[in-house]
Structures are given as C-alpha cells and as structure tokens.
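Asker: Sequence:
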Amino acid sequence: MPDDNVPGFSWRRPAVLWRSRNDVVARLFGDPSNALRRRCVAALGERGAPAAFTVHKKETEFSFVLMGDTGEGDRSQYAVVPPLLSAGKDTDFLVVASDVIYPTGDTGDYENKFFRPYRDYPGPIYAVPGNHDWYDGLRGFLRVFCDLDIDCTPDGWRGGWRSALSFVPRLLWRRSGKFSDEQLAKIRAHYRGAASQRNVQPGPYWAIDSPALRIIGIDTGITGSIDRDQAAWLREVSAGPKPKMLVTGKPLYVDDQHRPGVIEGETGTVDDIVRDPAHNYVAAIGGDIHNYQRYPMPLDDGRTMQYVVAGGGGAYMHATHVIPKTIGVEEDTFRCYPLRGDSLSRYSQLYGRWFHLPKLFSLTPEEATAAVVHRLGIKPGRGYNGHAPSRRARFVAAVLGVPHVKWRRTRYTRLPVRKVPQRFRSELADWDRPPFFKSFLRLDVTGDELRIRNFGVSGCGDHEHRPPIEDEFVIRLRPDRSDS
Numbered sequence: 001m002p003d004d005n006v007p008g009f010s011w012r013r014p015a016v017l018w019r020s021r022n023d024v025v026a027r028l029f030g031d032p033s034n035a036l037r038r039r040c041v042a043a044l045g046e047r048g049a050p051a052a053f054t055v056h057k058k059e060t061e062f063s064f065v066l067m068g069d070t071g072e073g074d075r076s077q078y079a080v081v082p083p084l085l086s087a088g089k090d091t092d093f094l095v096v097a098s099d100v101i102y103p104t105g106d107t108g109d110y111e112n113k114f115f116r117p118y119r120d121y122p123g124p125i126y127a128v129p130g131n132h133d134w135y136d137g138l139r140g141f142l143r144v145f146c147d148l149d150i151d152c153t154p155d156g157w158r159g160g161w162r163s164a165l166s167f168v169p170r171l172l173w174r175r176s177g178k179f180s181d182e183q184l185a186k187i188r189a190h191y192r193g194a195a196s197q198r199n200v201q202p203g204p205y206w207a208i209d210s211p212a213l214r215i216i217g218i219d220t221g222i223t224g225s226i227d228r229d230q231a232a233w234l235r236e237v238s239a240g241p242k243p244k245m246l247v248t249g250k251p252l253y254v255d256d257q258h259r260p261g262v263i264e265g266e267t268g269t270v271d272d273i274v275r276d277p278a279h280n281y282v283a284a285i286g287g288d289i290h291n292y293q294r295y296p297m298p299l300d301d302g303r304t305m306q307y308v309v310a311g312g313g314g315a316y317m318h319a320t321h322v323i324p325k326t327i328g329v330e331e332d333t334f335r336c337y338p339l340r341g342d343s344l345s346r347y348s349q350l351y352g353r354w355f356h357l358p359k360l361f362s363l364t365p366e367e368a369t370a371a372v373v374h375r376l377g378i379k380p381g382r383g384y385n386g387h388a389p390s391r392r393a394r395f396v397a398a399v400l401g402v403p404h405v406k407w408r409r410t411r412y413t414r415l416p417v418r419k420v421p422q423r424f425r426s427e428l429a430d431w432d433r434p435p436f437f438k439s440f441l442r443l444d445v446t447g448d449e450l451r452i453r454n455f456g457v458s459g460c461g462d463h464e465h466r467p468p469i470e471d472e473f474v475i476r477l478r479p480d481r482s483d484s
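Going by full-length UniProt numbering, the residue at position 227 of the sequence shown is 227; the numbering climbs one at a time, nothing skipped.
Since the hints were made in silico from the structure, they are not lab data. In this text, all values refer to a predicted model and were calculated from it rather than measured experimentally. Some hints here could point you the wrong way.
[Stated by the list, open to error] Keeping only pairs whose Cα atoms sit at most 16 Å apart, straight-line, the calculated EDC-like set for lysine to aspartate or glutamate is: (1) K242 with D448; (2) K89 with D120; (3) K242 with E61; (4) K178 with E111; (5) K379 with E366; (6) K242 with D276; (7) K57 with D444; (8) K379 with D332; (9) K325 with D256; (10) K325 with D255; (11) K242 with D209; (12) K178 with D151; (13) K242 with E449.
[Stated by the list, open to error] Label pairs and their calculated CB-CB ranges: (14) A398 with E61: 46 to 54 Å; (15) R382 with S86: 18 to 26 Å; (16) E59 with D300: 32 to 40 Å.
Glycine included, C-beta positions come from ideal geometry on N, C-alpha and C.
All chains, full assembly: derive it from the sequences and hints.
Answerer: Written out as structure tokens, the structure reads:
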C-alpha cells in the first residue's frame with residue numbers, strides 16, 4: 001500500500017451498498033444506459049472523435065496487459081501492482097475490462113483507485129466500462145478516459161407499467177458526484193502525467209487496429225446489453241478477414257453458461273457477430289466475474305473460439321468451486337484460477353471464521369480438492385492426490401455449493417454462495433489478507449500468433465516480483481492457424 005493514507009473499502013458498509021442502488025433501479029425499471037450512451041457518443045462525434053472510434057497501431061509486433069474489475073482501492077487491488085509491473089512493464093499498453101472504479105464510478109474515486117495504483121505503469125491505459133462504472137451515468141469514466149464532461153442524468157423511464165411509476169426511479173437514481181476539472185487535471189499530472197501515459201480513447205467502445213490483430217472493446221452498460229447503434233458499429237469494425245479479439249464488460253461464456261449478449265431491438269446477439277466466420281474472431285475476453293476461466297469452444301466451421309473470463313484484477317473473488325463439470329467444452333480443456341479445490345478451501349476458511357465454527361468448516365486445499373473431485377467426477381489439479389474425502393469435507397462442499405455430477409443443474413443446491421444476489425454476496429466474499437487469488441493477462445502479438453498468459457497473484461512475498469503462470473495458450477493468426 002502507499003505510504004500516505006488510502007481510505008479502506010468494504011462491501012460490508014451499508015453506505016457502499018446504497019451508493020450502488022442504480023443496479024437495482026435499472027433491473028426493476030429498465031436500463032437507461034443505451035440512451036445515455038447514444039447521447040455521449042453523439043457528443044464525441046460532434047467533438048471530432050476518430051473515425052469508427054478506432055486507434056491505429058503501425059507495429060505488427062506488440063504486447064499489452066489485460067485485467068478486469070480492478071478498482072476497490074484496497075489491499076487486494078494494490079497486491080496486483082508489483083506483479084503487474086514485473087511481468088508487464090515492457091508492454092505497450094494496458095486494457096481494463098470492466099469496473100474500473102467501485103462502487104459507483106465517481107470521478108472523485110479515480111485518484112486512489114486508478115491514478116495512484118497505476119502511476120508507475122509507463123504506457124497508456126484503455127478501458128471498457130462495467131456496470132459499476134455506469135452507476136453515475138458513466139460520467140466519471142467519460143471524463144477520465146474520453147476527456148468528455150456531459151450531463152449523464154437519464155431522460156426518464158417510459159413504457160408499460162413503468163411509465164405510471166416513473167417518479168420512483170427518478171427519485172432513487174443516484175446522480176454523478178461533483179468534481180472539478182481543476183482537481184482532475186491536478187491528479188492526472190501528479191500520478192500519470194508523462195507523455196507516454198496520456199491518451200484519450202475514442203469513446204466507451206473502441207477498436208485498436210494493428211496489421212496483425214484488431215482488438216475491439218464494447219460497452220455492455222448495467223445489464224449486459226448493447227444499443228443498436230453500437231451493434232451497427234460492431235458489425236462494421238468486425239468486417240473483413242483480419243483476426244480479431246473482443247474485449248467486453250460482460251463475458252459471453254462464463255460458469256459453463258452461454259451468455260451471448262443482447263442487442264437492443266434485435267434477435268441477434270453479440271456472440272452471433274463474434275462467431276460469424278466472415279469476421280474471423282479468435283477470442284472473446286470479458287470481466288465482471290472476479291476470477292479466471294477459459295473455454296476453448298469448437299465451432300461448427302472447424303475453428304476454436306477462446307472464451308476467457310479475466311475479472312481477477314483486484315476486486316473480491318468469485319468462487320470457482322460452484323462451476324459444474326463442463327458441458328460446453330471438454331472438462332480436460334477447461335481452465336480456471338483459482339482451481340476449484342483452492343476456491344473451496346478458501347471459502348470454507350472464511351465461513352468457518354464468520355460462523356465461529358472453524359473445526360467444522362475449514363478445509364485444507366487437499367481436503368477441499370478431494371471433495372470437489374468426489375462431487376464433480378473430475379481429475380485433481382495441481383498434483384493433489386485423489387484420496388477419498390471425509391464426511392465433513394463432503395458436507396462442507398455440499399453446503400458451499402459444489403454441484404454433484406449426478407444432479408441436473410436445475411436441482412443444484414448452491415447455498416449460500418450462488419443463491420444470494422451478487423450485490424449482497426459480495427460482502428461475504430471480500431477479504432484483505434493473502435492469499436487473494438487475483439490474476440491478469442499478458443498478451444503478445446506477432447504477425448503469426450497471439451500468445452496469452454494468465455499470471456496468478458497471491459499477495460504473498462515470494463510471488464510479488466515473479467508471479468506464476470497459471471495458464472498459457474497460443475492462437476495462430478494466419479489463415480491456417482490452429483489453437484494450442
């Protein structure tokens with residue numbers, strides 16, 4: 001942590017949950033982010049944003065870092081910084097995929113949760129907003145990344161029964177916090193004022209085009225949809241045979257579930273665009289879920305699409321032990337970090353402390369792995385022995401949500417990890433002492449291939465400057481490419 005004072009952050013504070021209320025408002029009365037996005041994109045266009053919201057890179061070979069869900073501003077975020085600088089300081093730029101700032105994306109929170117943590121990263125930083133960045137109408141995000149200050153108050157809620165109750169969301173909707181341009185300029189100059197660190201991205205969605213690969217970032221608002229204008233733009237920048245990679249605030253495949261991405265007023269989805277052979281996508285990487293997952297998905301045309309979740313950049317950890325034995329891809333090809341057994345072990349220790357029953361709940365990684373192997377029917381990971389689990393371990397695994405391979409998904413008992421909505425579950429899944437199980441990606445692009453490595457971050461001293469590689473794969477970018 002920095003030597004000077006950095007305010008703590010906890011999801012256990014009622015004030016923090018109250019500040020995040022726009023999530024509930026949007027889900028009950030309709031998500032206003034599509035209309036707000038069109039307003040800000042129009043303003044950016046009038047100002048003279050780059051054509052097709054695209055940044056061009058001349059280099060065929062380059063590297064960048066990608067991580068999602070960073071901005072709590074506490075130990076779990078700052079623990080990622082030394083490994084990030086060690087493994088990625090020589091990269092050309094950094095991409096944040098979702099939730100740059102918690103809990104509400106206010107401009108005033110950027111000092112301690114963005115500028116200060118990444119002050120020593122030498123390159124520019126791009127981002128796609130997550131749902132938390134939208135809780136102030138995206139005003140903070142637009143000011144910091146797009147250099148645009150615009151009124152982000154929704155016009156209103158119309159249609160159906162909501163129109164009769166439109167005064168309710170207007171009263172409950174949280175407005176943007178006040179912050180002067182002078183304050184922001186001072187903070188920017190102090191922490192990230194070098195010429196190599198400055199950049200103004202074209203908009204909340206954008207493309208970075210290089211001779212070998214086009215990286216396309218989309219803005220999925222609060223509830224995970226994109227507006228019709230953004231969809232038209234996405235189809236435009238996706239055209240052509242050049243290999244492409246999608247960066248999205250909401251992953252398209254996560255927890256062995258397909259979440260293809262809704263398009264406003266259309267039956268088609270974001271994933272329909274991604275899977276179209278004419279668009280030649282090779283990977284789709286999303287944040288929002290706070291762990292690492294990878295699904296190498298065989299497609300009907302013979303390609304393999306790499307669906308990746310990369311939300312371990314700093315926020316509380318989402319459990320991986322609740323992920324069932326995979327059906328969408330072969331279990332042997334699926335990867336996650338933390339491993340399911342390590343996830344169950346950490347959660348069992350937390351619940352043992354919360355309920356003052358450590359002798360009942362707390363499992364070692366070996367005990368937890370044995371229980372996961374037993375319930376899911378999978379092979380043990382990380383060299384753990386596949387010994388039979390104790391009755392206590394099987395009980396804890398069932399209570400904490402490890403699904404059984406013999407059960408249908410509709411009958412899974414996942415208590416209390418998955419039954420409670422995320423905005424409440426988060427307060428139980430947030431801790432500030434190692435091990436953290438954070439992660440980030442380093443992506444190296446050449447004319448022939450895209451190499452992706454997932455670095456694990458424990459917060460422990462022996463990994464601080466030499467983070468372990470928890471997953472690594474290569475995607476061929478030539479027409480005869482094959483994934484490995």
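Asker: Evaluate each hint against the coordinates.
Answerer: Verification of the hints:
no.	hint	in the structure
1	K242 with D448	holds, 12 Å
2	K89 with D120	holds, 9 Å
3	K242 with E61	holds, 15 Å
4	K178 with E111	holds, 14 Å
5	K379 with E366	holds, 13 Å
6	K242 with D276	holds, 13 Å
7	K57 with D444	holds, 14 Å
8	K379 with D332	holds, 8 Å
9	K325 with D256	holds, 8 Å
10	K325 with D255	holds, 10 Å
11	K242 with D209	holds, 10 Å
12	K178 with D151	holds, 12 Å
13	K242 with E449	holds, 12 Å
14	A398 with E61: 46 to 54 Å	holds, 50 Å
15	R382 with S86: 18 to 26 Å	holds, 22 Å
16	E59 with D300: 32 to 40 Å	holds, 34 Å
Going through the hint list in order, the structure satisfies each hint without exception.
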